[in-house]
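Chains as they are written, first to last, in the numbering used here: chain A, 1 to 296; chain B, 1001 to 1317; chain C, 2001 to 2525.
To be clear, the hints were calculated from the coordinates, so they are not data collected in a lab. Remember, it's a predicted structure, so these values are computed and weren't measured experimentally. Be aware that one or more of the hints could be misleading.
To be verified - Short derived list, chain A residues pointing at chain B, Cβ under 10 Å: (1) I130; (2) F131; (3) L132; (4) I202; (5) H205; (6) L274.
To be verified - Listed next, the stretches of chain B that the computed footprint assigns to chain C, with coverage defined by at least 3 CB atoms under 8 Å from CB atoms of chain C: (7) 1067–1073; (8) 1089–1100; (9) 1151–1161; (10) 1166–1177; (11) 1193–1204; (12) 1254–1260; (13) 1263–1271.
The beta carbon of each residue, even a glycine, is placed where N, CA and C say it ideally should be.
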Amino acid sequence: MATAAPAIASAPRRYPALIAFAIAQPLGAVALLVVIAMALAATFAEVVAPYDPLDIDFGAMLAAPSPDHWFGTDSFGRDILSRVIYGARTALAIGLLSSLMGCTLGAALGIASAYFGGKVDMAIQRVVDIFLAFPIIVLALVVVAILGRLPVLGVDMNLVLAIAVPIVPKVARVIRSSALTIVTMPYIDAARTAGYSHTRIILRHIAPNVAAPYLILFTAFIAQAILLEASLSFLGLGVTEPTPAWGLMLSGSASDFYREAPWMILFPGLAISLAVFAFNLFGDALRDYLDPKFKT
Amino acid sequence: MLRYLGRRLLLMIPTLVGVAILTFFMLRVVPGDIVEVKLRGDGGNVTADVIAAERARLGLDQPLIHQFGDWMLGLVTFDFGVSMWTGRPVVEEIALRLELSFQVAVMATIVAVLIAIPLGTISALFRNTWIDYVVRIFTIAGLAVPSFWLGMLVILGLLAWFNWLPPITYTPIYVDPIANLSQLIWPALAVGYRYAAVVARMVRSSLLEVMKEDYIRTARAKGVFERLVVMRHAMGNALLPAITVIGLEFAFLIGGLVVTEQVFNLNGIGRLFVQAVARNDFMLIQTLVMLLAVVFITVNLIVDLTYAALDPRIRYK
Amino acid sequence: MRTTVASAALAAVIACSTSAVAQTPKRGGTLNFAISAEAPTYDCHAGNTYAVVHAVAPFYSTLLKFDLSKYPAVEGDVAESWTISPDQLTFTFRLRDNVFFHDGTKLTSADVKATYERLRNPPAGVVSVRRASYEDIAEITTPDERTIVFRLAAPNPSVFQNFASPWDCIYSAAKLAEDPLFPSKTIMGTGPFKFVEHVRGSHFAGTRHDRYHVPGQPYLDGFRGVIFSQGAAMLNALQGGQVLAEFRSLSPAERDRVAGALGPRLRVEEESWVLKLTIAFNAEKAPFNDPRVRKALSMAIDRWGGSQGLSRIATLRAVGGVMRPGSPFATPEAELAKLPGFGRDIRAAREEARRLLREAGHPNLSFVLTNRTLAQPYTPGGVFLINEWRQIGVTVEHRQVETAAYNAAQSSGNFDVLLDFSNEFMDEPNNGLTKYISSDRSPNNPARAVDRDLDRLYDLQRRETDPAKRNAIIREFEALAMERAYTVPLLWWHRIVATHTHLRGWQMSPSHLLGQSLAAVWLDQ
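Sequences and hints are given; from them, build the entire structure.
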């Protein structure tokens, strides 16, 4: 897919990193603000959301947006704004965790592949090929179906796993090619001759050098994970009712109400789009900032 | 070249065997089987002996190794078995839907290429100007908007404003091109936007990269009008990564239109897949996974070969 | 349940007024209608989903059929007349003389006999999912080509109506002799339409059978049943006029949407439905092996309040016991309100539920509710239940799974509480009550309970041919079933069918499995 150069962040150090980033990448800074706002809303959902997202109120079914319900209500009379806010929690938790899990595992495989080379490399690459060729939907479905649901603090860890699995081979590929250019550097040879342990060489000398592509991939895959979670939930394979989740809010009967209650499909769709948009924009800016030659 | 091709073809074998093993055994640990779905339907008093008899008829009572052996033997002799749901050959079930999925994928590719190449080029030419920003926001939005949501909005829009809907059953393009296109253009557009966004971003970044390279600098030093440089020299090389992305996305679209096909009620491979999975139609799922894996691997190979043919700097290793 | 009665009456008035403007049916035209699921088989005898009936009913006839204008009365289909012996053990049918299969052969008593022999005692390799309905038949004889006699071993008040079952498609004896599995591969019957094609995943198509036994019928030249896998796509097609009907049911929201868009061009008919959601407690698993826990959970549900709210968003409405409200053996409303879980005073009921849970030692109960992923009415039903149980401090996790996994959970007992459903084509206690008897006798009850008291009452009513005595036994059965609460009803479903007004001659009924031959349907255009 992509050929990554060894990435060593060489940003000018005249400003603190965040401000330097904001100056170099104004669009990215705006995106970062959106991401932060979303993260805050998700973390403090109990305080921010005007209602309990699970509270059914048949008296207020399909209410139009008003000062009482800014985004209106759904067919159960549940407040859509509150569900969108709590939905951010679901999306971010699943997005962050699956991207973290997928990228970390992928990076570990990629580095191991590049560092050990030979048969290890061959074996890992074959496994990566198999998983790349495997349709995502089957992977996700089977993982959820075999393992069932495993809620930890309200997040279904098996769904996280299902979304993380397809990320692993892609990351492994990219990180492997990044790491390959490093393992041939003289100082790695020197370290090996000096008799340092593999763990030490990998952690001290290789890992830091693939940190930039790792960070870029991590941000990019958060966006993809959020989108995949929304699609799976839309298909009924992801998050289940009554948990507030954006994809789920679009599924089922939501589009039946487009005449009486267009807000039911408008706001969750916008929320998905905005979140993915912000993460992508931020990821792009981060890439340009850290490593202009890197492509995902 | 021939040795390279041979090596690549040989490498396909372990990958496909791996996919086959993984698929087969993953499916067998999924709870539930198709017999109950089929017989119990919407409830109903079905006794255990009826269910057991039907399981035996479908061979589901055989030891796993035996079932796996049968399937592998079938695969190498190109006998893919019958769908456990319809009792028809799996090949027939897939062939019925492949034409539609293939056409949507081709149309989406055309839409994507038509939009992406000019947009990506303009964006790169006017890097860091407002034009670039607008294009980038447009393309990043393309990655952000879920295509199924866009599809929902498109359908509801057509219905609300024009009181018109695309046809509900499929007509092959060689039978009635107008009916065919008026059904399939909408999903192609809904998917094509995302697709175009992916390709446009790739065109932009590779153009930028190529423009930095030496021979472009030389051309620029000679005073040739910059745009001409881009058109003449940069495009060829910049298109290579774009071809990769186009190929990969195309392979994905063949079976990946799962949600979009639901929204547009298209009788395609993606929907067949979801239904097969929902029903635990193991034979159908297995063969579909193998088919998609073969498509994916083949497209990858074609992309690499194209790369090699277009770029003399790449050596076959 | 006054609102229900009123709206049901209103629906009846609407239905009457449309049929009152009787016009001479016009011939011609092709009907496009929607089928929201795909049939797993062509064989009615092995089918258990309405997708089979909606797709293949137009191609087949049955011995009797329900007269939908006088439901639950029956009338002849290929039977011209019949007699029932005074001891209710012998049924003799005289067949029509003008019934022809689509291959040109004439239908005789041998075909009917072959059909029922296949249903009650299928040859090896043939699936019949309704052997139980005919287990009391001792012998089938055919004195002549037009006469068929069924002799029962014991009286059974449900057998006669079962002869009108939409599942008992009559097959050709000659074809069955050639290949007992032919009905699962080929569609060939005596129905009003001849099979044209089935493009899997897309549609079924039929064309007029010119030698159909009802003179003048069918009116349509043909039909096309278009298969939809997603509700929203189907509704778009209905609103756009690409299909003129979906004969199962719309949700209230879907109804409002198409009605709003089409106005007077749409006809909406509603009726209470022979389907209900039930809640099955896994009686093998603690704490659901404690009757106090089961009863408390049933009592915490505000069925009357839920009916009002849910009926606006889901295909759920009537509050009822083991039999459908309005049907011959239903509980009168005043009596129903005395059963646990059906009281009008929800505060008192929840107080009692909390007390029972404390007494059982589970004041802070939490468990998993296993449910299907279907949008109607399972998801709203599950969301509603979880909210109700929250009111007595019970925490419930909603586990929605695909049908295959749902069936697996049900048959392996791998669940705490299951949102189950009961689906019948008529209001017959012999079928409906199997939801509540011991699981070792009825695969229909997933609660994994063994209760011989309920079984005994079930058997008593099953042999009782006097309706009044039978009714009394059923009341006793119901009171016991609600007290022991292995499986309890949540709400009965509510059927809403919207058709374009130029679609005529189709009749609404309490079951989506009835009246789908399309023989009398015509297009006013």
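These are the hints, each one checked on the structure:
1. I130: holds (4 Å)
2. F131: holds (8 Å)
3. L132: holds (7 Å)
4. I202: With a closest approach of 26 Å, the A/I202 hint is violated.
5. H205: violated (26 Å)
6. L274: holds (7 Å)
7. 1067–1073: violated (count 0)
8. 1089–1100: Our answer is that it holds, as 3 residues pass the Cβ test (under 8 Å) against chain C, meeting three.
9. 1151–1161: That given contact holds, which follows from 4 residues of the region 1151–1161 of chain B lying within Cβ reach (below 8 Å) of chain C.
10. 1166–1177: Our answer is that it holds, as 4 residues pass the Cβ test (under 8 Å) against chain C, meeting three.
11. 1193–1204: violated (count 0)
12. 1254–1260: Result for this restraint: violated, n = 0.
13. 1263–1271: It holds: at least three residues are needed, and the region 1263–1271 of chain B offers 5 whose Cβ sits within less than 8 Å of chain C.
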